[in-house]
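Novice: Listed below are the residues making up each chain.
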Amino acid sequence: MDILLQQVFNGLTLGSIYALVALGYTMVYGIMGLINFAHGEVVMIGALSALAATKPLAASGLPGPLVALLALAVAVLVCMALGFTIERIAYRPLRNAPRLAPLITAIGVSIVLQQVAMLIWGRNYFSVPSLLPAAPHDVFGAEITDLQILIMVVAALTMAGLMLLVNRTRLGRAMRATAENPAIAGLMGVDANRIVSLTFVIGSALAALAGVLVSANYGIAHYQMGFILGLKAFTAAVLGGIGNLAGAMLGGVLLGVIEALGAGYIGDATNVCTLAHVLPGLGDMCAADPTQSLLGSNYQDVFAFFVLIVVLIFRPSGLMGEKVSERA
Amino acid sequence: MNVPVKAISISIAAALAALACSKEAPPPPAVQAPAPPPPALVVKIGHAAPLTGPQAHLGKDNENGAVLAIEDANAEKLKFGGRDVKFELMSEDDQADPKQGTLVAQKFVDAKVNAVVGHLNSGTTIPASKIYNDAGIPEVSPSATNPTYTKQGFKTAFRVMANDEQQGKVLGNYAANQLQAKTVAVIDDKTAYGEGVAAEFKKAALAAGVKVVDEEHTDDKAIDFAAILTKIKGKRPNLVFYGGMDAQGGPMAAQMKKLGLKSKFLMADGGCTVEFHKLAGAAGDGAYCSLPGVPLDKMPGGPAFKDKYAKKFNADIQLYAPYVYDAVMVIVEAAKRANSAEPAKILAELPKTNYQGVTGNISFDENGDIKNGAITLYTAKDGKWEPLETIGGAPAEAAAPAAPEAAAPAAAPAQPAEKK
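Line by line, the protein sequences give chains L and P.
Start counting the first sequence at 0; every next residue gets the next number (numbering that gives the first Met the number 0).
Start counting the second sequence at 0; every next residue gets the next number (numbering that gives the first Met the number 0).
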């Protein structure tokens with residue numbers, strides 16, 4: 000039982016990380032219909048710049064949590080500036096180009112950011128100091144750290160905050176108007192360029208937050224850490240229904256839990272040696288080595304993508320996605 | 000609504016394409032000695048290792064070892080058949096990439112090198128060895144430890160370091176006897192190296208009467224091991240073995256501690272680096288790992304070699320330089336005995352090698368593997384690897400030769416950026 004609970008905690012932590020990154024994808028998609036593939040790299044830049052800021056801050060003798068907050072602030076500022084620049088350079092000139100063009104520039108930006116990070120920070124892995132108490136709490140036999148709880152809470156609060164922003168504020172109304180039709184929104188007095196820039200800046204701030212939390216949780220940072228994370232988070236956004244904020248949260252958490260439970264249980268469930276008393280031919284093989292799993296944890300990602308495919312067959316726009324009309 | 004889905008599938012394809020395209024820079028020009036005086040017989044020794052990319056520091060270290068050996072060989076002022084001999088190093092960058100490895104091999108063949116020292120990684124050495132075999136050029140690898148390399152029936156393939164079969168056997172026995180493990184869980188990173196060494200460990204552990212209670216897999220880019228470690232925790236093994244590199248091994252040790260998994264943690268050479276301590280932090284203490292060979296200070300010529308290396312390159316030895324030095328010297332000695340630099344004549348002499356090198360005594364078994372290659376076990380203490388004991392590797396199994404081509408294609412390894 001404690002093992003199951005532990006796997007659920009593992010899945011929720013991983014899922015909340017996916018959700019945090021997925022929120023950035025889905026927000027940009029919701030407003031612009033653009034998949035910002037550089038988002039994962041912004042997460043990486045956030046993590047590495049927070050780490051760079053931590054060293055001098057920690058040397059100044061400030062208390063741990065304050066250092067963490069200041070480093071986070073630095074990362075958020077760096078990423079906001081980066082997000083603003085990316086949008087101006089790579090996406091705005093292509094606002095009216097065919098859909099594929101901004102997608103290609105997005106991938107280009109992703110590669111450029113990786114290489115720049117490699118030039119600045121080098122190819123080595125960095126260890127990230129833990130600024131929160133690392134001792135785990137015991138919850139019914141399962142272990143959970145303060146940081147894991149923090150990650151889940153931050154992901155949930157971020158989603159709630161974004162939903163409030165989009166649905167309840169003046170800025171949110173401008174965003175929704177821009178999403179619907181930038182030209183008409185412009186006629187109604189909405190400065191579409193400003194709204195799009197703001198969307199990118201907010202999305203990048205979220206990426207910085209995600210980067211700091213990811214690197215703190217795993218204690219590791221590297222110039223390629225953003226790519227796989229970005230791909231998984233993108234999958235989560237699609238699973239939940241890209242463009243839908245609650246969907247990104249749902250998709251992320253679901254993906255994390257599926258991965259954890261898949262890795263934890265499918266291996267034993269497909270262990271043919273459990274059939275040894277039914278199929279006598281297996282006896283010798285299983286006596287020598289009782290783990291003969293057909294599907295082990297090397298299929299961890301397969302479960303997740305299998306679920307994605309099944310969901311997309313029955314709900315092509317994702318679990319919570321709405322029908323959206325094609326953009327010009 | 001069809002559009003987003005379509006755009007998404009394009010996006011995924013494009014993202015994968017981008018992943019495939021992120022390559023390293025083109026290789027730097029080869030290191031070549033100046034042209035020799037005309038009458039001398041030039042003996043070209045090819046050297047291949049990754050000189051760019053994440054393992055560039057190891058590749059450069061290997062090259063330095065070769066440079067030292069060539070210098071010493073030339074200082075002997077040898078004469079083959081009455082002609083002055085001049086050894087020349089032709090060093091190429093294989094980027095630790097199997098594809099690039101075969102291109103480099105072809106380049107050596109076209110340049111008519113007399114022998115090759117390399118490659119650094121198993122993943123590059125195995126495909127390249129076929130090209131050398133077809134051309135009849137002797138190849139001595141200093142550091143490729145995957146057993147397949149010498150099991151393809153190639154008469155041209157030799158190595159001066161104990162292979163993963165020998166290493167896996169020592170690790171399995173060590174887990175059973177010294178570490179008193181009754182139950183183990185085995186994790187690998189699905190690379191040619193990681194899977195290979197994990198399989199050898201498992202075989203040895205089972206043979207020693209240890210129960211393998213779980214087998215898990217991750218990959219060489221993963222950072223989250225919570226799910227598989229939690230599953231392992233449920234099976235309560237005495238020991239967890241990881242076949243893979245330090246970049247995963249370090250965080251894995253840290254996450255074991257976080258999850259309250261109290262099993263001992265054992266790794267092969269991929270985790271036996273300084274980097275491991277950096278990534279694992281205090282949680283790394285008490286981990287075990289093994290390295291083929293003996294610690295540098297215990298090598299017969301270790302301290303002297305260390306000084307020579309430091310004087311010449313103003314740097315510390317990373318890992319394999321002494322083995323590269325010995326690999327070159329083994330070739331030079333074989334040529335000396337043959338009184339010729341012709342590849343075929345060197346080849347005829349190589350199996351008779353009995354050379355007292357920097358790393359110890361070198362002689363080969365019928366496969367081209369080093370006889371009695373030593374394996375040293377280390378434990379992590381206060382952020383450092385401390386040698387525990389050195390075990391003279393068991394001699395390679397006698398029943399292994401034959402079956403020339405059977406093993407070759409299946410072994411073609413995959414991961415481009417994989418170490419060893």
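Honestly, the hints are just simulated from the structure, not real lab data.
Ideal Cβ positions, reconstructed from N, Cα and C, are used throughout, including at glycine.
Keep in mind that a hint or two might mislead.
Reference listing, derived: stretches of chain P covered by chain L, where coverage requires no fewer than 3 residues with Cβ under 8 Å from a Cβ of chain L [as the list claims (entries may be wrong)]:
| hint | stretch |
| --- | --- |
| 1 | 232 to 246 |
| 2 | 257 to 265 |
| 3 | 268 to 280 |
Novice: Taking the hints in turn, state whether each one holds.
Specialist: Hints, verified against the model:
no. : hint       : result
1   : 232 to 246 : holds (count 3)
2   : 257 to 265 : holds (count 3)
3   : 268 to 280 : holds (count 4)
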